[in-house]
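Peer 1: Below are the chains, spelled out letter by letter.
Number of protein chains: 2
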Amino acid sequence: MEPFEVHILGCGSALPTTRHNASSQVIRIGNKLFMIDCGEGTQLQLRKGHIHFSFINHIFISHLHGDHCFGLIGMISTFALLGRTAPLHIYADPKLEELLQPQLDFFCKGMNYPIFFHHIDAGKHETIFEDNTVTVETLPQRHRIPCCGFLFKEKPKKRHLIGDAINYYNIPTYMRQAIKDGADYTTPEGEIIPNSRLTKDADPSRSYAYCSDTLPCPENCDIIKGVDLLYHEATFAESEKSRAATTHHSTAKEAADIAKRAEAKRLLIGHYSSRYEDSSKLQLEASEIFPETMCAEEGAIFNI
Amino acid sequence: MEPFEVHILGCGSALPTTRHNASSQVIRIGNKLFMIDCGEGTQLQLRKGHIHFSFINHIFISHLHGDHCFGLIGMISTFALLGRTAPLHIYADPKLEELLQPQLDFFCKGMNYPIFFHHIDAGKHETIFEDNTVTVETLPQRHRIPCCGFLFKEKPKKRHLIGDAINYYNIPTYMRQAIKDGADYTTPEGEIIPNSRLTKDADPSRSYAYCSDTLPCPENCDIIKGVDLLYHEATFAESEKSRAATTHHSTAKEAADIAKRAEAKRLLIGHYSSRYEDSSKLQLEASEIFPETMCAEEGAIFNI
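Protein chains in written order, with my numbering: chain D, 25 to 328; chain P, 25 to 328.
With the rest of the complex left out, here is chain D (with noise of 0.2 Å):
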């Protein structure tokens, strides 16, 4: 099966600390890379993971806090002193686009690749971008300001053809596809091969939800049943769940009870509160719910 991986570069949350960066990610699939979210010094964390820089030409921004976004403009700024021609798309609030603009035109003139903008309602669910084997959807969050985290699904895949059975009948190349998609095969002498006698089921189409920032939002349970993998906020332990609730975050404990909820096959909780020296405490009271959680770190990728 081809790749599909999660690279975190950053899951610390608003202060950053010698141990986690800010938000960010790079989500393989194929040979493509998606960014999520861009908070200050994700580039070094580009270069550190050894990220090729250009093959990211999508960057999805869940909203803007500092810890986002901030590490935009230098990253922008770099692909452009690397000589980057290929256009990057950005899909963020609106606002983002204004507040960029003019520290592009400023500090970024005259460089050789256009950035495209695609504004995001974080407060509606909806597919903000498809390719061919690949769909994005918004899933709105819970959070101070507008939020929406990000569905990435593939598309169903083509049936395996099985290659005996595809010399044995000496099926023309041109064919192959359609028998891929499901067709049935008539020989020149008119019998007709069905379709299960000469593929094999299709590989299963994997699906990785970023949930981040965010209260709980049970109402997505249903947009990301039997996920794959879920990246959920866990910014506090259950002793900080009133703080949790304030700032419109949430805990370890909530995070684990939306990946049962929404059947999710792997938990991964980030985002983690400056205040915890390890994740072992969130990772325990997220396990107790859900046993198959794991902890992000910088550095680390997962396998989907």
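These are computed hints drawn from the structure, not numbers from a lab.
There could be a bad hint or two in this list.
Treat identical chains as interchangeable: a pair holds within one or across any two.
Said to hold, decoys possible - Taking lysine-lysine and the DSBU-like style, the derived pairs with C-alpha atoms no more than 35 Å apart in a straight line are:
hint: 1; residue 1: K133; residue 2: K119
hint: 2; residue 1: K133; residue 2: K265
hint: 3; residue 1: K284; residue 2: K56
hint: 4; residue 1: K305; residue 2: K133
hint: 5; residue 1: K72; residue 2: K179
hint: 6; residue 1: K182; residue 2: K204
hint: 7; residue 1: K181; residue 2: K148
hint: 8; residue 1: K305; residue 2: K72
Quick caveat: nothing in here was measured; it's all calculated off a predicted structure.
Got chain D sorted already, so can you dock chain P onto it with the hints?
Peer 2: Same frame as chain D, now just chain P:
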């Protein structure tokens, strides 16, 4: 003597690497901290260096290239999150205020401390800061955009009282400040005790000059004559001399030549191009002309 230190937070050039951060320094004079430049990631470097955020009240920005100022918005936001109330003064090209203010209005709404912008005319040599112990002067640089260096000088200090002599003549406390300033003492009997018998020489007034980013500017050598420590950019080795000229940067040899002409006591080079794996070649080239050459490195502290 009170501390006069240069803390290197970043000494790389425009392209960030895993070896060097973007430009930033903290100058500690007594218990005051001054920041020069603030590239992306500066706030993290402050944390790594255990430098007290709250003692930084004055930030001097040499010029508006991203690697010298992209870290401001994140650091200012973090100051706000940490509950800062003390005013912050930023000395920079007027364009910085124009670019930063809309970001402050949006990202730092309701923050509890004021920011005062002081506009620099990079073409002029003038005193832009002065308090009871320190002055800061601009040093016009030659770069692709308006750029100025900074000269930090301790003001002349008071002479040291000779304890035994003060006791012997039983000089009242209220007169001692005048004697530190150089006054003679007249005893109740009318005898004049010359100041030279009551005091020892004051500590020397130390100075630090920051010259980056720039072509060599021999016209500044008179202004910085005899400076205790000169930080001078040395982006390139001599083999890239023509590239240095095109991009308005200096070679290590040119930096050393300026140090020599200015009769600096010591030279500190930095702003290394990302093409150099380490600074040894640059140091070697500079040392041939000016032996007292040191290389900036992140985390290093240079005492003056």
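Peer 1: Of the hints stated earlier, which fail here?
Peer 2: Violated hints: none at all, because every hint is consistent with the structure.
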